[in-house]
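**Q** Chain residues, written in single-letter form:
Number of protein chains: 2
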Amino acid sequence: MAVLVVGSIALDSLETPFGKRDDVPGGSATFFSTAASFFAPVQLVGVVGEDFPQAHVEFLQGRGVDLAGLTRAPGKTFRWKGRYGFDLNEAHTLDTQLNVFGEFRPELPPAFRNPDLLFLGNIHPELQGLVLDQVEKRPRLVGMDTMNFWISGSRKALLETLARVDMLFINDAEARQLAGEHNVFKAARAILSMGPSRLVIKRGEYGALLFDREHVFAAPAYPLEDVFDPTGAGDSFAGGFMGYLARKGDLTPNTLRQACVAGTTIASFCVEKFSLDRFRELTDAEIRQRLASFKTLTHFDEIPPAV
Amino acid sequence: MAVLVVGSIALDSLETPFGKRDDVPGGSATFFSTAASFFAPVQLVGVVGEDFPQAHVEFLQGRGVDLAGLTRAPGKTFRWKGRYGFDLNEAHTLDTQLNVFGEFRPELPPAFRNPDLLFLGNIHPELQGLVLDQVEKRPRLVGMDTMNFWISGSRKALLETLARVDMLFINDAEARQLAGEHNVFKAARAILSMGPSRLVIKRGEYGALLFDREHVFAAPAYPLEDVFDPTGAGDSFAGGFMGYLARKGDLTPNTLRQACVAGTTIASFCVEKFSLDRFRELTDAEIRQRLASFKTLTHFDEIPPAV
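Each protein sequence line maps, in turn, to chains Y and A.
So the first sequence is residues 1 to 307, counted in the working numbering.
So the second sequence is residues 308 to 614, counted in the working numbering.
Excised from the complex, chain Y in its bound form:
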């Protein structure tokens, strides 16, 4: 199976307590596609400006990402500027310049219109809907991301798109906001009644929760002593998750749980260096090792009923 992602491609300028970087590659489609590429073939739809360095395009090509849906438009690339304090769970946006991304109307090339798995990155929910309109055959799974901005500002469009997808990836504050429920498990139940049959609630350093209508699976975050830059962790999680599904080729509850672990694992590499830097050097052996250590992190022998 392959995964199609539609989302943003950005140049990020970041400040964390550990350093500063200007105009490094970012955006949901960038992180997602790179992360997913460690497990499966990926197709990307997105837009960059005239100033987007060819080296970043070549990096994605080098990861095997099919860029037939990448448009280079007149103007400048989407730019995001953000800062993190020691609490790396929260980004403070300093500046956003949409540039060519402001006019983005995703168009799937003919070869991309029958994806096995589709991920709608965090863009306007109407554009996410526009992507769904172009798909010729129902994908086996459609995942989507969204954010506080659309939850408060474009709620109607968001709910319409949400009703058309299978799975939502969202962070815990956004889940609470979307559901209007403080308790995360009540919020999850409310969201699952809005359409998707599956939900991942991302909780940063606390891991992720995977819900279907009957079960919850809790995956801790991988224990990291050094987190440099949390940018892209959520998209890398989703990329690892859906890339793993594509690799396994099935959507059983057990595979979804493994995908959650795979997503967490890939995200844990993402945050170890700035931007895509950790992915540039990441090996399959490192991924395998970290995946294996997840079992040690959570395993306990079942407590016998007699106790």
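These are computed hints drawn from the structure, not numbers from a lab.
Among the hints, erroneous ones may be present.
Chain A residues, not near chain Y, derived (Cβ > 10 Å throughout) [stated by the list, open to error]:
no.	residue
1	Gly356
2	Phe366
3	Gly371
4	Gly376
5	Gly382
6	Lys388
7	Thr403
8	Gly409
9	Arg412
10	Gly436
11	Leu466
12	Asp519
13	Lys580
PhoX-like cross-link-like pairs, simulated, lysine-lysine; straight-line CA separation at most 20 Å [unchecked claim]:
no.	chain 1	residue 1	chain 2	residue 2
14	Y	Lys273	A	Lys493
15	A	Lys388	A	Lys580
16	A	Lys555	A	Lys602
17	Y	Lys295	Y	Lys248
18	A	Lys388	A	Lys327
19	A	Lys327	A	Lys580
20	Y	Lys20	Y	Lys81
21	A	Lys580	Y	Lys186
22	A	Lys602	Y	Lys295
Partial list, computed: chain Y residues near chain A (C-beta under 7 Å) [as the list claims (entries may be wrong)]:
no.	residue
23	Phe86
24	Phe185
25	Val216
26	Pro220
27	Arg257
28	Val261
29	Arg288
30	Leu291
31	Leu297
32	Ile303
33	Pro305
In this text, all values refer to a predicted model and were calculated from it rather than measured experimentally.
Positions of the beta carbon are idealized from the N, C-alpha and C atoms, including for glycine.
Add chain A to chain Y, keeping to what the hints say.
**A** Leaving out everything else, chain A in the frame of chain Y:
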């Protein structure tokens, strides 16, 4: 095996978004002993004032807690008044009246001086040390709790006591404060270099991390849709944890992991009603059922190296 706990016994007045209670039983020794009593025999050392209702004493007796170390002193019982907002992870202390607890000098009755397992509840670290002085034979495991107040105000005494115990139970903000490290895994490593060979970092609704010098075990919190009163959750966790160790009768790494799950499970009941109310009606069958569902919550099939 049996567990000995030394700690506070209080009358709490609480406000949460879900209600208000005045002068309900609280305190570290109260929650710990009740929680541990679901798994093993418990001995308690603590002090109450003349106003402490006999009904609360009888409740503990009814749970089989050995109260030979309970003193009734002239004066009023320790009182704590607190409020929680919707973020139930954080308590806002409104008032503390130490009363007879201010003069508390723990004294172990002769029959309590050879405990298998000892828990030093959150009291002045010098008093915790005083308890250790009275123990005739090294217990198989000594656990302790502490809080921000002692970490900042009595650091030297705290470090001295910490060097004498086997295991610290602490919440994540306190772990960061004690270690002077923002990253929780670095903080854990620093704390394990201060003496204890094991450490639990409690993270409220995000669960708990159990460390020894080589491994981490991550236990999620039990998924609860209704949390009424988080007071006592930490002490109930420790009580469930050490009670389980006493019941199993060994301290293997696997038993410690199971104890972490048992502690999380017992704490999850504690917060479902005010004060000890959920424990008043809790059955072994309910505990067994929730323990069993923990496996479902965290289990995934190991990802084969070929993937």
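**Q** Confirm or reject each hint.
**A** Here's how the hints hold up against the structure:
1. Gly356: At roughly 37 Å from the nearest Cβ of chain Y, glycine 356 of chain A sits farther out than 10 Å, so the non-interface label holds.
2. Phe366: holds (24 Å)
3. Gly371: Check passes; 17 Å lies beyond 10 Å.
4. Gly376: Given a closest Cβ separation of 27 Å, the condition holds.
5. Gly382: holds (40 Å)
6. Lys388: Since the minimum Cβ distance to chain Y is about 23 Å, lysine 388 of chain A lies beyond 10 Å and the statement holds.
7. Thr403: Holds: least Cβ distance 27 Å, greater than 10 Å.
8. Gly409: For glycine 409 of chain A, whose nearest Cβ neighbour in chain Y is about 36 Å away, the distance exceeds 10 Å, so it holds.
9. Arg412: Correct as stated: the minimum Cβ-Cβ distance to chain Y is 37 Å, above 10 Å.
10. Gly436: The claim holds: glycine 436 of chain A sits with its nearest Cβ about 31 Å from chain Y, beyond 10 Å.
11. Leu466: At about 23 Å from chain Y, leucine 466 of chain A clears the 10 Å cut-off, so the statement holds.
12. Asp519: holds (12 Å)
13. Lys580: Given that every Cβ of chain Y is farther than 10 Å from that of lysine 580 of chain A, nearest at about 16 Å, it holds.
14. Y/Lys273 x A/Lys493: holds (18 Å)
15. A/Lys388 x A/Lys580: holds (17 Å)
16. A/Lys555 x A/Lys602: Measuring from Cα to Cα gives roughly 19 Å; hence the hint holds.
17. Y/Lys295 x Y/Lys248: holds (19 Å)
18. A/Lys388 x A/Lys327: This hinted pair holds, its Cα atoms lying about 11 Å apart.
19. A/Lys327 x A/Lys580: Answer holds: lysine 327 of chain A to lysine 580 of chain A is near 11 Å, not above 20 Å.
20. Y/Lys20 x Y/Lys81: Holds. Lysine 20 of chain Y to lysine 81 of chain Y sits at ~11 Å (cutoff 20 Å).
21. A/Lys580 x Y/Lys186: Given that 20 Å is the threshold and the Cα spacing comes to 18 Å, the pair holds.
22. A/Lys602 x Y/Lys295: holds (13 Å)
23. Phe86: holds (5 Å)
24. Phe185: At 5 Å from the nearest chain A Cβ, phenylalanine 185 of chain Y passes the 7 Å test, so the hint holds.
25. Val216: For valine 216 of chain Y, the interface hint holds, since the closest Cβ of chain A sits about 5 Å away, which is under 7 Å.
26. Pro220: holds (3 Å)
27. Arg257: Check passed: Cβ of arginine 257 of chain Y comes within 4 Å of chain A, closer than 7 Å.
28. Val261: holds (6 Å)
29. Arg288: The hint holds - arginine 288 of chain Y has a Cβ within 7 Å of chain A, the shortest such distance being about 5 Å.
30. Leu291: holds (5 Å)
31. Leu297: For leucine 297 of chain Y, the interface hint holds, since the closest Cβ of chain A sits about 5 Å away, which is under 7 Å.
32. Ile303: holds (5 Å)
33. Pro305: Holds, about 5 Å.
Of the numbered hints stated above, none is contradicted by the structure.
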